[in-house]
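Undergrad: Take a look at the letters that make up each chain.
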Amino acid sequence: MNAQRKYPPAPEEMTFEPKVLVVGGGASGILSAEKAAELGLSVVLIEKTEELGGKAAQLSFLYQSNLSPSQWLKDKISSLEKNNKVTIYTNSQLEKVNGQVGNFKVTLNIEGKKEEMDIGAIIMATGMDLSSKMPAQVEKGAGSFLSQMEFEKQFTQLASGDSKTFVLVVKEDDFLIGCINALKYSKKLKEANHNVYVFFDEMKVSEEGTEKLYHQVREEGVTFIRGTNNLKIGQEEGKFSLTTIDPQLPVKLAKELVINFDYYIFNEDLLPGADTGKLAEILRVNLGPGGFFQEDNYHTEPVYSNRQGIYFVGACRMPDLLHNVQEQAGAAVNSIYQLSVADVKELMEKTPLIDVIKCAYCLTCYRSCPWNAIDLLYEIEGAAWDGAPYLHPLACQKCGCCVAECPNRAISFPGYTDEDMQKEFKKIGGKV
Amino acid sequence: MIIGERKPLEEVFDRTSSFNKILVLGCETCVAVCLAGGKKEAEETAEAISLHRKKENQPVEVKAESVQRQCEFEFIDEFKDLMNDYDVVLSLACGVGVQTMVDRYPEKIVLPGLNTTFLGYPLEQGVWMENCQACGDCVLDKTHGICPITRCTKSMLNGPCGGSSEGKCEISGDIEIECGWHLIHERLKALGKLDYMEEVEPPKNWSTSFHGGPRKIVREDVKIVRGE
Amino acid sequence: MFAGSNLEKVLANGHFAITGELGPMRGTDLGPCLEHAEHMRNHVDAFNITDNQTAVVRIASMATAIKLVERGMDPVMQMTVRDRNRICLQADVLGGASCGVKNFLCIQGDHQTLGSEPQAKGVYDVDSTQLMKVIKDMRDENKFVSGDEMEAPLDAFIGGVVNPFADPFEYRPARFAKKIAAGVNFVQTQCIYDMDRLKEYMKRVVDMGLHEKCYILAGITPLKAIGAAMYMKNNVAGIIIPDEIVKRLKGAKEKPGGVKAEGLKLCVEQIQQVKEIEGIHGAHIMAIAWEEKVPEIVEAVGGLMPRPKFDD
Amino acid sequence: MADFNPSLVTLCCENSAFLVAEEENLPGVTPVKIPCGGQVEHYHILNAFDQGADGVMVLACLKENCKHFWGNDRAEKKVNYVKGMLENIGINAERLAYSPVAANNEYKYGELVKEMYDKLKEMGPMEGKVKK
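Just so you know, the sequences run in chain order A, B, C and D. Counting in our numbering, the first sequence runs from 4 upward without gaps. Counting in our numbering, the second sequence runs from 16 upward without gaps. Counting in our numbering, the third sequence runs from 9 upward without gaps. Counting in our numbering, the fourth sequence runs from 61 upward without gaps.
With the rest of the complex left out, here is chain A (with noise of 0.2 Å):
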């Protein structure tokens, strides 16, 4: 008795709904709603702060590209509100989501306001947080020591002027973007006839085109020295003076080096943004290292969640390039495109059914499903218990998890069956 095909919504009757959230309006918003619209799929863009843009509305310029950030924004910005695929709410939260891909039933508040809204797919862009700690403490002159972030902003006007002497400071244990920053900020001051000290860890080079680039700075004069463990600060009458020994260097050769310097850059600890575990369980997805949004799995890299039709792009997942993160929106948007149009009737056949009439609705299967593919539903015709759980056609990854939890077997999986299985057994010692 198959009799989850009697309850909604049956596959001729099941949408998808055309329509993709995008939460965060940072760079990996923008760019993930800009692909979704391309695609012709309506958009609704929400960020909780007052205005779009996020961390890279605070950029100075970008990496290895002469556009201005904030240019790049404001044209974005201004191309999506002209959009009329597009609808942006600032000051919104997401605050509930029921059912599954292609229907999912999302409660927003909307400056204030809750507001309803059937939606195909979920594209979590929420970015990171920056925690910044000072390299000492000093009584004066902490103006001269600044993260990498604040640095960002002031960038013009500190690079301005007579030479002045910067040391760039990358500690070990950070990601890829520490180290291009320093990069990136290495060749401007250079080009401004600053005199430049980057001390490093590991020097990561791994993004295209950044080993030539780490090649041409340290050849137009920047100095790179490997080590950050054993750098002393030292004040004197207002000056700052860093001292370290080259740990690269034989004990005999090794002799104190002294840097005064006007600018010390750190790089910041990065942070999954503070709201990570409150939607993490209204989304019901699992999180990564660090509490970060993404499982350690490479079944889900790049994009993807351990729920279908929740995707994650940009720095909520791990802090990226700007044409990385592009490269991610549209991952997303093309995996939301194929499920838009997946055969559903199809993917039915392959789905595991539940006899809701064997059915104790102890929620064995909602429970251990790892995809969170099952839904809760009430007033099930025909169920023992009044409700029933639902699997999702699209959402269901066919694992057979549930198949195998179930206590009464109410679960059966077409092709793995107890027949099937005995089907399978019957050829034990060659025997057919």
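A couple of the hints might just be wrong.
What the hints assert, rightly or not - Covered by chain B, according to a simulated footprint, are these stretches of chain D (three or more residues, beta-carbon under 8 Å):
1) 96-109
2) 142-153
Stated by the list, open to error - Straight line, CA to CA, 27 Å or less: simulated DSSO-like cross-link-like pairs of lysine-lysine:
3) Lys190(A) with Lys207(A)
4) Lys430(A) with Lys93(D)
5) Lys430(A) with Lys78(B)
6) Lys78(B) with Lys143(D)
7) Lys157(B) with Lys144(C)
8) Lys108(A) with Lys156(A)
9) Lys168(D) with Lys179(D)
10) Lys108(A) with Lys281(A)
11) Lys183(B) with Lys221(C)
12) Lys157(B) with Lys186(C)
13) Lys258(C) with Lys231(B)
14) Lys231(B) with Lys208(B)
15) Lys219(B) with Lys238(B)
16) Lys174(D) with Lys22(B)
17) Lys273(C) with Lys183(B)
18) Lys191(A) with Lys207(A)
19) Lys143(D) with Lys181(D)
20) Lys168(D) with Lys430(A)
21) Lys429(A) with Lys22(B)
22) Lys183(B) with Lys129(C)
23) Lys273(C) with Lys258(C)
24) Lys58(A) with Lys85(A)
25) Lys174(D) with Lys137(D)
Worth flagging that the hints you see were computed from the coordinates, not collected in a lab. Glycine residues also receive a C-beta, built at the ideal position from the N, C-alpha and C atoms.
Use these hints to put chains B, C and D onto chain A, whose structure you have.
TA: Coordinates of chains B, C and D only, in the frame set by chain A:
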């Protein structure tokens, strides 16, 4: 709900060893939900019995079935015909189910395949905890939702005793047991209702619990008397 | 006077009381236990008779208590609520009192799973606080729990225990107050090793004025061996043994007299210290399996001998 | 028991072990495709023994590499549970094994299966197995 646990297989094999036609009957309610005696456990147990008996060279006819609720006559009546074909029923229901079966089929031998363990709830998938002893006179209003009868190892009403250490009960061994009265204290503190902790609670009326004998509720208002 | 027991008289007259503890035997011969009692006779004011201590089966506390009464000594009959329901508890109070027992100490008792009969059914019909109230009502109201009238009155000096070392610490003084409200006249504390925590506890108790409503006897147990200290530290819930004490015992290994002498010395010092704490009216020495040392300890404290005597 | 040829069932996850098992085609070994380690049921393992298998292996994806996040862990736990049942039934629990195998590790699959096969050969036929 009622939480149970399948009896050790050795015990099941031993008790059923003298029978040649065994019906393993699961129950699709409480014990299915706590993953102890549903259709799946019934099939597994049946398969295990069959394998064991094959190994012992005493093949057996064993069938697995399950019933909506083994504690209701109407549901178990559906098995009347099937019952005639088997010598013994290994019931995977709670103790209530086993006894309902015996009541309905007095000529049959019904064996329990489950230890009925307690009334409780799943803390998470795979972890169940006792939190009610059906004492018949609920005090949860006083302790604001934490049962001292169940959660305190000594069922104290004026706890915690001197064995409470860092929130743990004195009998904690390999498995840590939380001190029920510590939990009550913390909860009342959070609610700003610590006053209750200073009241001397008088001896409890245990006659409403099992200590008053097997209990029975009779409600004339819902009883149906034919011919009325 | 509630019952006029020797212990009550000592306390009521403002003396620093000393009580000892006797553990009845695990067979029918009470001899060794009575021998210990005789040995301590002149050094303590009353004897606690444990009631299946640590949930291990022993001679009944009431039988032992009556034997002491016969010998002219003052027993404190311990009663756990673990093994008896309200019928038996009340009957035992009547039984003890009818044979001359005047002090009744109400305790919860270690859980049965921790003792010699871990498969036993625990009773816990009433809890220790409720038992205090039950005895108080029998004494003051002449009534049983049921409300029935007693046929002859009861004299009882009601005892209890408090544990300043159990958690939640902040609640402990309030729980003591609750026991006083339930009717307790004197309490003995769990074994004290953490003097700082005791002082903090006593400060709160004194602030609440509880020491004026109830006599407080500090529980003292001499440490015989490092192993025993470690066992109590790690395995007994509600006992705190600070690291310094373990260290001190370890440091005494090489000294003359060794760990045992140091343990006794420590015990004497502890009694001297608790004597100085406001609100403490006496000491309860629980010299488990070391009863013969009690006279030596009492004498060493200084100023405690001879024990006060009262004419009946 | 030199002439004893055991029959071994390998329950193989279609995302990893089955991709190898299909290619290998070893005599006496019956690979059965399963969608994920998480789909393994106690009942199916017991049933395989009942149907005449001398040994059963459950082969799923490498640790932390399951397409369905925890299917492989579930499989391992279930195998351990059924091992307990087998002990009770009186079947040597060594006849059941769990191993992770990557999709590209034909060598490992071959080795694991061969090892199990040799072990079964040494153990001999299932105790009390009805000979057909």
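Undergrad: Taking the hints in turn, state whether each one holds.
TA: So, going through the hints one by one against the coordinates:
Check result for the segment 96-109 of chain D against chain B: holds, 6 residues qualifying (beta carbon to beta carbon below 8 Å, three or more required). Residue count for the segment 142-153 of chain D with a Cβ under 8 Å from a Cβ of chain B: 5. That meets the three needed, and the coverage hint holds. Between Lys190(A) and Lys207(A) the CA atoms are separated by roughly 16 Å; this keeps the pair inside 27 Å, and the hint holds. Distance hint between Lys430(A) and Lys93(D) is fulfilled; the C-alpha atoms sit about 13 Å from each other, no more than 27 Å.
Between Lys430(A) and Lys78(B), the direct Cα distance comes to roughly 24 Å. Compliance with the 27 Å bound is thereby established for this hinted pair. About 23 Å separates the Cα atoms of Lys78(B) and Lys143(D), which keeps this hinted pair within 27 Å; it holds. The straight-line distance between the Cα atoms of Lys157(B) and Lys144(C) is roughly 24 Å, inside the 27 Å bound, and the hint therefore holds. Between the alpha carbons of Lys108(A) and Lys156(A) the distance comes to roughly 40 Å, so the proposed pair goes past 27 Å and is violated.
Proposed proximity of Lys168(D) and Lys179(D) is supported: the alpha carbons are some 16 Å apart, at most 27 Å. For a cut-off of 27 Å, the pair hint linking Lys108(A) to Lys281(A) stands: about 18 Å separates their Cα positions. With a C-alpha separation of about 31 Å, the suggested pairing of Lys183(B) with Lys221(C) is violated against the 27 Å cut-off. Our distance criterion of 27 Å between C-alpha atoms is met by Lys157(B) and Lys186(C), whose separation comes to about 16 Å.
A C-alpha spacing of about 63 Å is found between Lys258(C) and Lys231(B), which places the hinted pair above 27 Å, so the restraint is violated. With a CA separation close to 36 Å, the supplied pair Lys231(B) and Lys208(B) exceeds the 27 Å bound. Restraint check: the Cα-Cα separation between Lys219(B) and Lys238(B) comes to about 31 Å, which exceeds 27 Å; the hinted pair is violated. At roughly 37 Å between alpha-carbon atoms, Lys174(D) and Lys22(B) are farther apart than 27 Å, so this suggested pair is violated.
Only pairs whose Cα atoms come within 27 Å are accepted, and Lys273(C) paired with Lys183(B) is rejected, the gap being roughly 33 Å. For a cut-off of 27 Å, the pair hint linking Lys191(A) to Lys207(A) stands: about 19 Å separates their Cα positions. Pair hint Lys143(D) plus Lys181(D) holds up; C-alpha atoms about 19 Å apart against a cutoff of 27 Å. Between Lys168(D) and Lys430(A), the direct Cα distance comes to roughly 24 Å. Compliance with the 27 Å bound is thereby established for this hinted pair.
About 31 Å separates the Cα atoms of Lys429(A) and Lys22(B), which puts this hinted pair outside 27 Å; it is violated. Proximity of Lys183(B) to Lys129(C) is assessed by CA-CA distance (about 21 Å); at most 27 Å being required, the pair is judged to hold. Of the supplied pair hints, the one linking Lys273(C) and Lys258(C) holds, its CA atoms being roughly 14 Å apart against a limit of 27 Å. For the proposed pair Lys58(A) and Lys85(A), the alpha carbon gap of about 23 Å is at most 27 Å, so the pair holds.
About 23 Å separates the Cα atoms of Lys174(D) and Lys137(D), which keeps this hinted pair within 27 Å; it holds.
The structure shown violates the earlier hints numbered 8, 11, 13, 14, 15, 16, 17 and 21.
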